[in-house]
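Please model the entire structure based on the sequences and the hints provided.
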Amino acid sequence: MLAIVLGRILRMVVVMFGISVVTFAIFFATPASDPAARIAGRNAAPETVEAVRKDFGLDRPLPVQYALMMKRLFITRDLTSFANRGQKIIPAIANAAPATLSLVTGAAILWMLGGIAAGIIAAATKGRWPDKILMGLSMAAVAMPVFWVGEMVNLVTQSRFHDTWAFSWVPPLGYAALSQDPWLWFKSLVFPWLTLALLNIGLYGRVLRTGIVETYQEDFIRTARAKGLPARKVLLKHATRSAIIPIVIMFGMDFGVLVGGAAVLTEVVFGINGVGRLTYQALKVLDLPMIMATVLYASFFVVIANAVVDMLCLAIDPRMRRA
Amino acid sequence: MGPVTGGMSILPTDDNTPSPAATAGEEAWVSRGPWRRVLEGLLASPTAVLSGLLLLVIVLATLLAPVYAARVAGSDPFRSGLSAKIEIDGERVPVMQQSTEGLGLGVTPIGPTWGPQYFLGADTQGRDVAARMLYGGRNSLLIAGASTLLCLALAAVVGIVAGYVGGRVDSVLSNLIDMIWAFPVYLLAISLSIVMIGKSYSFGPFEIASDSLIVPILIIGIVYVPYVARPVRGRVLALNQSEFIMAARGLGIRRARILLRHILPNVATTLIVFAPMLMALNIVTESSLSFLSVGVQPPNASWGTILQDGQALLYSRPVVSMAPGLAIMVTVLLLNLFGDVLRDVLDPKSARGR
Numbered sequence: 001m002l003a004i005v006l007g008r009i010l011r012m013v014v015v016m017f018g019i020s021v022v023t024f025a026i027f028f029a030t031p032a033s034d035p036a037a038r039i040a041g042r043n044a045a046p047e048t049v050e051a052v053r054k055d056f057g058l059d060r061p062l063p064v065q066y067a068l069m070m071k072r073l074f075i076t077r078d079l080t081s082f083a084n085r086g087q088k089i090i091p092a093i094a095n096a097a098p099a100t101l102s103l104v105t106g107a108a109i110l111w112m113l114g115g116i117a118a119g120i121i122a123a124a125t126k127g128r129w130p131d132k133i134l135m136g137l138s139m140a141a142v143a144m145p146v147f148w149v150g151e152m153v154n155l156v157t158q159s160r161f162h163d164t165w166a167f168s169w170v171p172p173l174g175y176a177a178l179s180q181d182p183w184l185w186f187k188s189l190v191f192p193w194l195t196l197a198l199l200n201i202g203l204y205g206r207v208l209r210t211g212i213v214e215t216y217q218e219d220f221i222r223t224a225r226a227k228g229l230p231a232r233k234v235l236l237k238h239a240t241r242s243a244i245i246p247i248v249i250m251f252g253m254d255f256g257v258l259v260g261g262a263a264v265l266t267e268v269v270f271g272i273n274g275v276g277r278l279t280y281q282a283l284k285v286l287d288l289p290m291i292m293a294t295v296l297y298a299s300f301f302v303v304i305a306n307a308v309v310d311m312l313c314l315a316i317d318p319r320m321r322r323a
Numbered sequence: 001m002g003p004v005t006g007g008m009s010i011l012p013t014d015d016n017t018p019s020p021a022a023t024a025g026e027e028a029w030v031s032r033g034p035w036r037r038v039l040e041g042l043l044a045s046p047t048a049v050l051s052g053l054l055l056l057v058i059v060l061a062t063l064l065a066p067v068y069a070a071r072v073a074g075s076d077p078f079r080s081g082l083s084a085k086i087e088i089d090g091e092r093v094p095v096m097q098q099s100t101e102g103l104g105l106g107v108t109p110i111g112p113t114w115g116p117q118y119f120l121g122a123d124t125q126g127r128d129v130a131a132r133m134l135y136g137g138r139n140s141l142l143i144a145g146a147s148t149l150l151c152l153a154l155a156a157v158v159g160i161v162a163g164y165v166g167g168r169v170d171s172v173l174s175n176l177i178d179m180i181w182a183f184p185v186y187l188l189a190i191s192l193s194i195v196m197i198g199k200s201y202s203f204g205p206f207e208i209a210s211d212s213l214i215v216p217i218l219i220i221g222i223v224y225v226p227y228v229a230r231p232v233r234g235r236v237l238a239l240n241q242s243e244f245i246m247a248a249r250g251l252g253i254r255r256a257r258i259l260l261r262h263i264l265p266n267v268a269t270t271l272i273v274f275a276p277m278l279m280a281l282n283i284v285t286e287s288s289l290s291f292l293s294v295g296v297q298p299p300n301a302s303w304g305t306i307l308q309d310g311q312a313l314l315y316s317r318p319v320v321s322m323a324p325g326l327a328i329m330v331t332v333l334l335l336n337l338f339g340d341v342l343r344d345v346l347d348p349k350s351a352r353g354r
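Residue numbers (the working numbering), protein chains in the order written: chain A, 1 to 323; chain B, 1 to 354.
In case anyone wonders, no lab produced these hints; they're calculated from the structure. The structure presented is a predicted model; accordingly, all values stated were derived computationally and were not measured. Each residue gets a CB set at the ideal place from its N, CA and C atoms; glycine is no exception. You may find that some hints are simply not true.
[Said to hold, decoys possible] Residues of chain A clear of chain B, computed beta-carbon distances all greater than 10 Å:
(1) Gly18
(2) Glu47
(3) Ala97
(4) Leu101
[Stated by the list, open to error] Derived SDA-like pairs (lysine to any residue); straight-line CA-CA distance at most 25 Å:
(5) Lys71(A) / Ala97(A)
(6) Lys132(A) / Arg343(B)
(7) Lys132(A) / Asp344(B)
(8) Lys126(A) / Met139(A)
(9) Lys284(A) / Pro299(B)
[To be verified] To give a feel for the contact side, a few chain B residues facing chain A, derived at Cβ under 10 Å:
(10) Val169
(11) Leu173
(12) Asn175
(13) Asp178
(14) Ala182
(15) Thr269
(16) Thr270
(17) Phe291
(18) Ser321
(19) Met322
(20) Val330
So, in structure tokens, the structure goes:
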């Protein structure tokens, strides 16, 4: 068991190293493009480009460049943005992280509860109208781009119906820190949470339903029924428990991806200053060091989340321990 | 149901299906059979027929974009029409109207006229949104379709090579897949687009312009490769262990021939099942990237760029945002409905649970 966990951690470190190399290569070692010129911006004077080249060490051989960049990112942590002069990258990400974490955690709770409830109800009423309605809704939810849902929500809550009793409590777009005003924090995040959760409620509900329905074909369910267990117990204790593993795996992936910055679209639409929006703003001014850092940050989150999920699965399903 | 038994057969077969073909003629019959059954399965499902037909209507409508722009809308949807005037109820109305809200400064584009000209209103540059919807739909579908094909092709190569060659090649490719998998799709796409967009490339005789649609096609085609390559590799590994492949090996058939005649057709079903889902996913991805301004570049239109144009007009002219969003939703919904039936037809085991 310990050996498996250690092996998994070792693989995680290897993948992280690989990712940092790939990311670095995408940004600083693509052929036919000069990273110094891109960092300096469009129409930059040749002297500026040269200064940037020196400053970021881009005149050295690639492996040295890579080592320098990683050192400034992780050890001295003084890599600065060029577009917003003097802005240190690591603190900027650290400041943005709580907003993203608030958004994603709240949405995650919603989508897990909603998705599991939808999946169980749909499976229990398979073929009848609650199932049909739920699966229809889930199909529609999966088909909508998340930023468009956010825009439509804003249209209703911020503009068209903002003056009615239903939505007059919705604060203007933006993020309020939990530590400063918890009630405002909650109010400002209600609709971003719902928006971000919607797609995953549909997705998780669908996957869980399929899992439960497939599990019902298995022998141990027949045994459970034959020995006279009540139907509810068979559904919740036997079928759902074994069908929940794919959901746990999906959850780990999605949560890691979203915390890492894939919530960028939701953050942009709702004006939440999280890691995703930081990336988006860096994108607008082509702030290469910043984008590289956020991409690295995000993918590390995914790798860690994957490792955690694998270990969780080991805990849930003893069969996996053999592999 | 055990591993596939027929020589070229794609699907788990009925008991009365002929055993592995003995003669060339019989083999041809077997190879045609499963595909015909897939077609029959699709035609037997009203959902598949209806969604397929509606998708066809959408494709045809976007192909007719130039006709609509020239004959109905009567304006160039790629040139700004800030000073244009149109006739409504005998009155000449400017496309960009004086704002009535706030201080009355600035202009607001005309809203939906529900008539031939500016049916859905104008965007911030006074261009006909309805005409741009059709042109944009064309690009959205083209990008999604082409990137789907690219993704399936790349995933097939990577997955089959990893699964069939095995050994060190497999471990390198699998680790590479894992690594790309760890990049959040949008962030990977953003990274790639920063490097690729806004520059022109030349590969020998081929020149890719900086605003070419090929750039988003390449980006979207690459980012989802791991999602398909993984299951393909798994399928190939499973096939390697299956009885009919072992039998083929035992008969001394060359590896290349086994790959071509036995592995490839069986992997094809996996790929086909992925196609509609992937296409749906790619439509959403294209719109998201264009919304973040790293997808389709102006003056080209796509449903995503129209959504981006509509962002500034969300509260004053919401139709500009609503129309492309609805178009995406309907198209994706139809693709998923069609894809569900297709999967059930190709893989009856998955239908068992439904």
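Consistency of the hints with the structure:
With a minimum CB-CB distance of about 5 Å to chain B, Gly18(A) fails to clear the 10 Å threshold, and the non-interface call is violated. With a cut of 10 Å on Cβ distances, Glu47(A) stays outside the contact zone with chain B, its closest approach being about 23 Å. Chain B leaves Ala97(A) outside its interface by the beta-carbon criterion, the shortest separation being 15 Å against a cut-off of 10 Å. No beta-carbon of chain B is positioned within 10 Å of the beta-carbon of Leu101(A); the least distance is around 15 Å.
Under the criterion of a C-alpha separation no larger than 25 Å, the hint pairing Lys71(A) with Ala97(A) is consistent with the structure, at around 22 Å. With a C-alpha separation of about 19 Å, the suggested pair Lys132(A) and Arg343(B) falls inside the 25 Å cut-off, and the hint holds. A C-alpha spacing of about 17 Å is found between Lys132(A) and Asp344(B), which places the hinted pair at or below 25 Å, so the restraint holds. Proposed proximity of Lys126(A) and Met139(A) is supported: the alpha carbons are some 16 Å apart, at most 25 Å.
Taking the CA atoms of Lys284(A) and Pro299(B), the gap is about 18 Å. The hint holds against a cut of 25 Å. Here the hint on Val169(B) is broken, as its CB sits about 17 Å from the closest CB of chain A, past 10 Å. Because the closest C-beta pair between Leu173(B) and chain A is about 13 Å apart, greater than 10 Å, the hint is violated. Interface hint at Asn175(B): satisfied, since its Cβ lies 7 Å from the closest Cβ of chain A, which is below the 10 Å cut-off.
A hinted interface residue such as Asp178(B) counts as satisfied when its beta carbon comes closer than 10 Å to some beta carbon of chain A; here the least separation is about 6 Å, so the hint holds. Restraint check, Ala182(B) versus chain A: the minimum CB separation of about 5 Å is within 10 Å; hint holds. Hint on Thr269(B) is violated. Least Cβ distance to chain A is approximately 19 Å, over the 10 Å limit. About 17 Å separates the beta-carbon of Thr270(B) from the nearest beta-carbon of chain A, more than 10 Å, and the hint is not met.
Given hint, Phe291(B) at the interface with chain A, holds; its Cβ is 6 Å from that chain's nearest Cβ, closer than 10 Å. Nearest Cβ of chain A to the Cβ of Ser321(B): about 5 Å, under the 10 Å cut. The hint holds. Annotation: Met322(B) was flagged as interfacial toward chain A, and the flag holds, the nearest CB pair being 7 Å apart, inside 10 Å. Interface restraint check: Val330(B) against chain A, minimum CB-CB distance 8 Å, threshold 10 Å, status holds.
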